Every structure is written in C-alpha cells, then in structure tokens.
Amino acid sequence: GENVEQHPSTLSVQEGDSAVIKCTYSDSASNYFPWYKQELGKGPQLIIDIRSNVGEKKDQRIAVTLNKTAKHFSLHITETQPEDSAVYFCAASTGNQFYFGTGTSLTVIP
Amino acid sequence: KAGVTQTPRYLIKTRGQQVTLSCSPISGHRSVSWYQQTPGQGLQFLFEYFSETQRNKGNFPGRFSGRQFSNSRSEMNVSTLELGDSALYLCASSLGTGGISGNTIYFGEGSWLTVV
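Each protein sequence line maps, in turn, to chains A and B. For the first sequence, the numbering used here assigns the number 130 to the initial residue and increments by one for each residue that follows. For the second sequence, the numbering used here assigns the number 681 to the initial residue and increments by one for each residue that follows.
Just chain A, same shape as in the assembly (with noise of 0.2 Å):
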C-alpha cells in the first residue's frame, strides 16, 4: 500500500518567517494530495489540497507544490504567525483511501 513520509516532526520559527514541511510519498497512483491543521484537542482540519494534474497551488499566506516525478509535495507557510501554531499533517489518496504522514508540530515563536 502506500507509504507517506513526512520531515521534520517538529519545526520553530520566528514570527514573520517562513516554514516548510515535506512529504513524500511511494504509490505512483496517488492523485490527490490534502494538508490538515490540528489544533490542540480539536479534529484536523482541512486548509489546503492539490491534485496531481497542478504543480502549484496558493491560497493567501499558504501554498502547496507537487513533484509527481520525485514523488514530493510541500507544504509552505509564508508570513508565519502565532496562530499557525499547530500540527500539520500531509496524505495522499490513490482513490481508494486516505494515507497521512505521522505530522509536523510547527511553533512560531512571538
């Protein structure tokens, strides 16, 4: 099945800077590829997705990038604020199911 692998685990930056994270993942089928914030004891949610025919997608200070051939999306946060304090987890779905990284805990730091 597929395998998505996620760096760092954890992550801090300064306010105002920027912060990526990185998954990849094994299953060349894999066609859609959502990011899921989790705040300290709420659900995941969902804040950004990119499907395999987009290399780029941007929605304000977020922004998500796809390299089918290395098997590598991103997630970028520019602009870094408190609140974007949280875990962040990347998955990949191949159609049938949802597969998600093990999570990046992201702190800024004020």
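No lab work stands behind these hints: they were computed from the structure. Note that the structure is a prediction, hence the values are computed from the model and not measured. Glycine included, every Cβ here is placed at the ideal spot set by N, Cα and C. Some clues are possibly wrong.
A partial selection of chain B residues facing chain A, derived with a Cβ cut-off under 10 Å [what the hints assert, rightly or not]:
id : residue
1  : Val-684
2  : Gln-717
3  : Gln-721
4  : Glu-732
5  : Gln-734
6  : Gly-738
7  : Cys-771
8  : Ala-772
9  : Thr-784
10 : Ile-785
11 : Gly-790
12 : Trp-792
Position chain B relative to chain A; hints supplied.
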C-alpha cells in the same frame, strides 16, 4: 452548515468493556470514515462506509466494527477494550467514497477514549 459531529467527546472505560461512538456527517455527505489517532501511530484508518455498506477496512482486529444508517449517521464499536485502545477516534465525512477523484474528507472534533 453544521460540520461533522461526534459524540461523546470524552469517555473513560474499563478494560474488557465495550464502547460505541457516534458520528453525524455533514448534511448531504454519504461517506463516513473512521480513524484512530495516537501519539505513536499517527492517524490510522479504521474503515469507511458509503450508503450503509463498508467500502474499505484498515488493519485493525475484529474487535473494531462499525455501521452506517440510512441517514448516513455512523457508529463504531470496540469490544473487549484493551489499554492500547486509548486514543482519539476521529470521524470524517465526504460527499462520495473517500479519495476517489479527490473527494475531500472533513473531520469531526473526535471522541477521546481512555481505557483504564
């Protein structure tokens, strides 16, 4: 539009007991999937239901079961609870079967289960 609703939010059970968790999907969503989240294992897929039929199942023992009703609401049951079953159980809903053609899944707040 209301989101995915899970009940109860918190519960404590004793080893050997059983537990039933409930999930109401977003209105109009017909697919419900369940995940177990633990610090060590991350998000692990349990099963998915669509139109009252189990479409997919993860690698969990038979003690974990679920069902979906005609109104798309779903329940999952864990029998003969073990200490290792302590986790956050997340329900997610989507319009169609999860993953096909990029059907987005939306999570509820989860049910925190502690087994003592």
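Hint-by-hint comparison with the structure:
1. A least Cβ separation of about 8 Å between B/Val-684 and chain A falls short of the 10 Å threshold, and the interface hint therefore holds.
2. For B/Gln-717, the interface hint holds, since its Cβ comes within 10 Å of a Cβ in chain A; the closest pair sits about 9 Å apart.
3. Contact between B/Gln-721 and chain A, as hinted, is supported at the beta carbon level, the nearest pair being about 8 Å apart and thus within 10 Å.
4. The interface hint given for B/Glu-732 is broken, as the beta carbon of that residue sits about 18 Å from the closest beta carbon of chain A, more than 10 Å.
5. Interface restraint check for B/Gln-734: the shortest CB-CB distance to chain A comes to about 12 Å, outside 10 Å, so the restraint is violated.
6. Hint status for B/Gly-738: holds, given a least beta-carbon distance of 8 Å to chain A, under 10 Å.
7. For B/Cys-771, the interface hint holds, the least distance from its beta-carbon to any beta-carbon of chain A being 8 Å, beneath 10 Å.
8. Look at B/Ala-772: its Cβ gets to within about 8 Å of chain A, closer than 10 Å, so that hint holds up.
9. Nearest Cβ of chain A to the Cβ of B/Thr-784: about 6 Å, under the 10 Å cut. The hint holds.
10. Proximity of B/Ile-785 to chain A holds as hinted, the smallest CB-CB distance being about 6 Å (cut-off 10 Å).
11. Residue-level restraint check for B/Gly-790 holds (minimum Cβ-Cβ distance to chain A is 5 Å; threshold 10 Å).
12. Checking B/Trp-792 against chain A by beta carbon gives a least distance of about 9 Å; that is within 10 Å, so the hint holds.
Checked against the numbered hints above, the structure breaks hints 4, 5 and satisfies the rest.
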